Amino acid sequence: MAHAQPQSLPLWRSMLFVPTNVEKFVTSAPSRGADAYILDLEDSIPMAQKAEARIMVRTAAAKVGAGGADVLVRINRPWRLTVPDIEASVDANVCALMLPKIADAGHVCAIAEILDELEAEHDLENGHTKLFPMIETTEAYFHAAEIATAHPRVVAMNLGSEDYALSAGMLPEEEGLFQPTLHVMMAARAAGILPLGFVGTVAEYRDRDAFRARIQQAARLGFLGSACIHPLQVDILNEEFTPAPAAVKQARGVIAAYDTAKAEGRGSVEYEGKMIDEPIIQRAEQTLARADMIAARGG
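My numbering puts the first residue of the sequence shown at 698, with every later residue one more than the last.
I should point out that these hints are in silico values taken from the structure, not numbers from a laboratory. No experiment lies behind these values; they were computed from the predicted model shown. Where is the CB? At the ideal position from N, CA and C, for every residue including glycine. Be careful, since some hints might not be right.
[As the list claims (entries may be wrong)] Distance ranges between label pairs, derived from CB positions:
hint, residue 1, residue 2, range
1, GLU859, PRO727, 55 to 65 Å
2, GLY996, LEU706, 14 to 24 Å
3, SER965, GLY996, 29 to 39 Å
Could you put together the complete structure from these sequences and hints?
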């Protein structure tokens, strides 16, 4: 299949969860500096308050997106909660739905079909509402590649570490989570969508140094962003998922050396004592494209 072009995907280095029905968090969210905010209707909302939170989605979306950040809504599963959540969330200010506990590609397509109807009813362009499925069960693990390519609305995917660990009967520790997290990342990469997340649990946020080390690892492994549960994590995500100035400088140098060699008709290219081949050129181009995308968004 043809891969999506990087520039067609959103910039979601940092995605901060915001409980939809907690006014002080909704009001303060735009000042946190995240690329995106996820209005939560799922884990942070008790069952008795879900109907009330659902009513508040559109007002909350307008508030948290006021500074220009993207707004997503994490809906619920099972279906009796899923459908009213979707009906409450389709809105001009909501760019995507985060889908917990997705089972397979058919599950994604069923949600996309509901969105087709609702977008028409709300005079929104078909495809306005993107989808971000979460792999949170061992069942879904074996369908990750099909889920990632299930529908054109799908733009990102991650592993929900806590729920996945529960499904697998293991503790949410790096030893067990490393392989499934990378499996989901590879499935996202193969589909040309955003690989999001990191190896570990999102619940650990107090130790900023430990969190930064996890995100640095995630960036080395090929992830492009992550959700987080606390404002303290936002700046770390933004910093570590942004190419460092030294990396940008080196990328420019590599490409300049390559262009010079081509202009001179040379087949071999050397830069700073190392031979340059095609994968290195492509990586440099990706680095510059991402740096440009971040700069265009305002850094």
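Evaluated hints:
1. GLU859 to PRO727: 55 to 65 Å: Violated, since GLU859 and PRO727 (Cβ atoms, about 27 Å apart) do not stay within the stated range.
2. GLY996 to LEU706: 14 to 24 Å: 18 Å, holds
3. SER965 to GLY996: 29 to 39 Å: About 37 Å separates the Cβ atoms of SER965 and GLY996, which means 29 to 39 Å holds.
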